[in-house]
Amino acid sequence: MTDATTTPPKPASQLREIWQQFRTHKGALFGLIVLGILILFVVFGQFVWDPPQRLSDTIKMKNQGPSLTAPFGTDQLGRDLLLRMIQAGRVSLAVGLIAMLIAIVFGTFVGIMAGYFRKLDGPLMRLTDMFLALPLIPLLLVMVMLFRDKVAGILGPELGAFTLIVFAIGITSWMATARIVRGEVLTLKEREYVLAARSIGARSNRIILRHILPNVVSPVMVAATLGVAEAIITESVLSFLGLGFPPDFPTWGRLLYDGLQYLQIYPERVIWPGVAISLTVLSVNYIGDGLRDALDPRIRGR
Amino acid sequence: MKLRTALLGAVAAMGFAPAAFADRGTDGEVKLTFPQAVSIMNPYLSGGTKDIYAASMVLEPLAGLSPEGVLIPKLVTEIPTVENGGVSADMTSITWKLIPGLLWSDGTPVTAADAVFTWQYCTHPEGGCSQATKYEGVANVEAVDDSTIKVTFDGPKANPYTAFVSALSPVIQKAQFEACLGAAAPTCTDANNMPIGTGAFKVVGFTVNDTVSMEANPNYRDPAKPAFATAMIKGGGDAESSARAVMETGEFDYAWNTQIPPDSQAAMAAAGKGEFVVAFGTLVERIEMNTTDPSADLPEGERSTAKHPHPILSDIKVRTALSMAIDRSILVEVGYGAGGKPTCNVIPGPEGWASDNTGCLTQDLEGAKALLEEAGWTDTDGDGVRDKDGKKLKLLYQTTVNPIRQDFQALVKDWWTEIGVEVELKSVDPGVFFGGDPGSPDTFQKFYADVEMYANNSESPDPESYLSQYMCEKAPTPESQWQGENINRFCDPAYDALIVELGTTTDLAKRQEIAKKLNDMVTKDSMTVIPLVHRGTLSAHSNALGGVQINAWDSELWNVADWFRVK
Chain A
1 MTDATTTPPK PASQLREIWQ QFRTHKGALF GLIVLGILIL FVVFGQFVWD PPQRLSDTIK
61 MKNQGPSLTA PFGTDQLGRD LLLRMIQAGR VSLAVGLIAM LIAIVFGTFV GIMAGYFRKL
121 DGPLMRLTDM FLALPLIPLL LVMVMLFRDK VAGILGPELG AFTLIVFAIG ITSWMATARI
181 VRGEVLTLKE REYVLAARSI GARSNRIILR HILPNVVSPV MVAATLGVAE AIITESVLSF
241 LGLGFPPDFP TWGRLLYDGL QYLQIYPERV IWPGVAISLT VLSVNYIGDG LRDALDPRIR
301 GR
Chain B
1 MKLRTALLGA VAAMGFAPAA FADRGTDGEV KLTFPQAVSI MNPYLSGGTK DIYAASMVLE
61 PLAGLSPEGV LIPKLVTEIP TVENGGVSAD MTSITWKLIP GLLWSDGTPV TAADAVFTWQ
121 YCTHPEGGCS QATKYEGVAN VEAVDDSTIK VTFDGPKANP YTAFVSALSP VIQKAQFEAC
181 LGAAAPTCTD ANNMPIGTGA FKVVGFTVND TVSMEANPNY RDPAKPAFAT AMIKGGGDAE
241 SSARAVMETG EFDYAWNTQI PPDSQAAMAA AGKGEFVVAF GTLVERIEMN TTDPSADLPE
301 GERSTAKHPH PILSDIKVRT ALSMAIDRSI LVEVGYGAGG KPTCNVIPGP EGWASDNTGC
361 LTQDLEGAKA LLEEAGWTDT DGDGVRDKDG KKLKLLYQTT VNPIRQDFQA LVKDWWTEIG
421 VEVELKSVDP GVFFGGDPGS PDTFQKFYAD VEMYANNSES PDPESYLSQY MCEKAPTPES
481 QWQGENINRF CDPAYDALIV ELGTTTDLAK RQEIAKKLND MVTKDSMTVI PLVHRGTLSA
541 HSNALGGVQI NAWDSELWNV ADWFRVK
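Protein chains in written order, with our numbering: chain A, 1 to 302; chain B, 1 to 567.
Simulated from the structure, these hints should not be mistaken for laboratory data.
Keep in mind it's a predicted model, so treat the numbers as computed, not measured.
Among the clues, some could well be false.
[Unchecked claim] Below, in silico cross-link-like pairs of lysine to aspartate or glutamate (EDC-like), each with a Cα-Cα straight-line distance of 16 angstroms or less: (1) B:K174 <-> B:D154; (2) A:K60 <-> B:D315; (3) B:K510 <-> B:E351; (4) A:K62 <-> B:E418; (5) A:K60 <-> B:E300; (6) A:K62 <-> B:D315; (7) B:K369 <-> B:D407; (8) A:K60 <-> B:D414; (9) A:K60 <-> B:D106; (10) A:K60 <-> B:E351; (11) B:K413 <-> B:D429; (12) B:K413 <-> A:E268; (13) B:K413 <-> A:D248; (14) A:K150 <-> B:D414; (15) B:K392 <-> B:E351.
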């Protein structure tokens, strides 16, 4: 450990070290593989699996159980569920990941600013409190209601809904990250190495980027993984209320909602999207766990 | 099946009648379940169907409606008509004769004063009576003598059977409600929760939004009825669980409003413990065409108003093509199963009133394509979407959030895409869609879309007021705060003239003929409304319950006195 601080290691070897540590975490490795498969599944699935999509062709095949022609079965309109899962997953995963990214970037930025600069602390944290106090779902509803038509007018109904939802979810879920990061920064900036850096005249942006940011990565990772799950679920809520994507645009949350009334007769309709959402959330959480361990030099050393 | 139960009921009624007094209350308890719990037993203070139906077991009107939509006497000796002198020749008054010796469940006699009081109760200026429309046009109600009620209208009334007819306007007891007039009405908790009535049952216990317990009315006019000693209505849950409670577990005898997907219906019926019964009223799921331009480019206040006719849908050929492309039988199969029938009419019933219009029932995709070509819509750039003068044939199709409606949207979009129409779908929260808030852009009245889908029905078997919705002046506009029933902004002077004629026609056959003509004018002649499915109310009853006759025109529990236990 002393070696590591006195002679800074080359970035490549540090990455390898992180990877070495990450590999020892079985759950994280498993999560990475599952998430990888899921992403491959939704991105390339349709190239491999492309059954007829015209309802006039499929309607005769409605309500089929899993079979060779339709591995996941078909729904009440004869649409192939495997295909629907692929299409839906693309949207759900994109919403989850991008909304999380927005929340993390924004939350970390606010957190570091508030923690590092005393003058900004008060106003930024009050802003965070204000956002935390806002009731989330009504706020989202109002946002979607007010801006949906305008955004859809510029970007088209589907991309418009996507942009708006991703933005709306991102902008309303950064607060936890900001608070965690601020707390962390407050203790970090009194550490000897930060004081040392400051005493030799390092500028604030250099201290933040070089010394503080790497050290807040682990709590941010944890917040981020939870954020993905939350974003996917919030999107389902919005779609459920009719304010998410257009109704013919499947997402995992919508498939789950649509399948609910058939739970007794065709349980697979709920199981497929349910399993997909659970797997995504679980694997992302495990990856986060593994990353936190791998990124923490104190654990990595052991 | 319906005929069989009807026959059983008739046989049972005949079998029990001579046995007289001994047969009342011999069949134990009948248990009903409503997906929405009953919150009040006074239909004058509630618009909820659940409350009106529950109250109909206790409170009765002077006359009710049979499953065929025909008037039947309840508290009166006969239905007054012009022929028997009950309705004055100029149609300005109607005189009802009470059955002699009629008693309330507390043993006091029912008199004409009770009916007069009922009218005063509902029309009190300070009270918010939910059924005030039933008494619209009534100038006076007077007690000619103890058993004769004379209702005078403020002008000739073509349909005088509104006040005191059907479960929506039952007679309440003057002695009990006397202190509850006007603003005091909602404060009379005891009277509202446990009204004294003339029905087959009387309330003995009421837990708001949960359970109503009843027992047989000892003073019911037929000494042999009801066959059940006690009755119970349990509320709560959802359509699925109440259907299951009757069809699979057998905990309940009757479940009202069990609208569940066709597959679930079939699975539950297969259990063999009960059956689904459907009341076909006038509820029609339809696609409404916007005759005005909803474009967002127009200034607010001019969108969807008569100032700008619709750029695409103003052409009847396009509207006809859109209707032809739809296969209504598939919609029924997917969405409603036994609970729906394909229809081309806005007025699908009762029998005499429905037009014989069936032209839309067969899907014709090729014909639809040809019509669009004829109208000048061709696919010049080969992208699968028709265009004309550089404008794409693109429609925004909105409806409420509802799984069945989303399936319909998907199917209709598929057919319309097939004939070269690009469709954008939108679903709105039903609370907002039907909320009528003039500030919201998403209400069905504002109609900021090209086509929209929902269901609507006529309150009474006589469709006069329902049809008058399509008059020019009833169009929602910014000036009317977007209130109005003419959702399509349909406007045809000939139609308005015919409505006026209907209002002055008293001969039934003639009225029916005019109604059919009006129905055709908005459907097949102009294709302004595209009816899709005639929807029924699906209820379920156990095989151990006999005498059930489903009724779409009155309370479903209209003949609860005749229900019995099948042994």
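Each hint, compared with the structure:
Annotation: proposed proximity of B:K174 to B:D154 is violated, straight-line Cα distance about 25 angstroms (limit 16 angstroms). Between A:K60 and B:D315, the direct Cα distance comes to roughly 34 angstroms. Violation of the 16 angstroms bound is thereby established for this hinted pair. A C-alpha spacing of about 15 angstroms is found between B:K510 and B:E351, which places the hinted pair at or below 16 angstroms, so the restraint holds. For the suggested pair A:K62 and B:E418, the alpha carbons sit about 20 angstroms apart, so the restraint of at most 16 angstroms is broken.
For the suggested pair A:K60 and B:E300, the alpha carbons sit about 45 angstroms apart, so the restraint of at most 16 angstroms is broken. Between A:K62 and B:D315 the alpha-carbon distance is near 36 angstroms, which puts this suggested pair outside the 16 angstroms criterion. Distance hint between B:K369 and B:D407 is unfulfilled; the C-alpha atoms sit about 23 angstroms from each other, more than 16 angstroms. The hinted pair formed by A:K60 and B:D414 meets the criterion: a straight-line CA distance of about 14 angstroms does not exceed 16 angstroms.
This hinted pair does not check out: A:K60 and B:D106 have alpha carbons roughly 60 angstroms apart, beyond 16 angstroms. Under the criterion of a C-alpha separation no larger than 16 angstroms, the hint pairing A:K60 with B:E351 is inconsistent with the structure, at around 33 angstroms. Restraint check for B:K413 and B:D429: the C-alpha separation of about 20 angstroms exceeds 16 angstroms, so the hint is violated. Only pairs whose Cα atoms come within 16 angstroms are accepted, and B:K413 paired with A:E268 is rejected, the gap being roughly 26 angstroms.
About 9 angstroms separates the Cα atoms of B:K413 and A:D248, which keeps this hinted pair within 16 angstroms; it holds. Proposed proximity of A:K150 and B:D414 is contradicted: the alpha carbons are some 27 angstroms apart, above 16 angstroms. A C-alpha spacing of about 42 angstroms is found between B:K392 and B:E351, which places the hinted pair above 16 angstroms, so the restraint is violated.
In this structure, the hints that do not hold are numbers 1, 2, 4, 5, 6, 7, 9, 10, 11, 12, 14, 15, in rising order.
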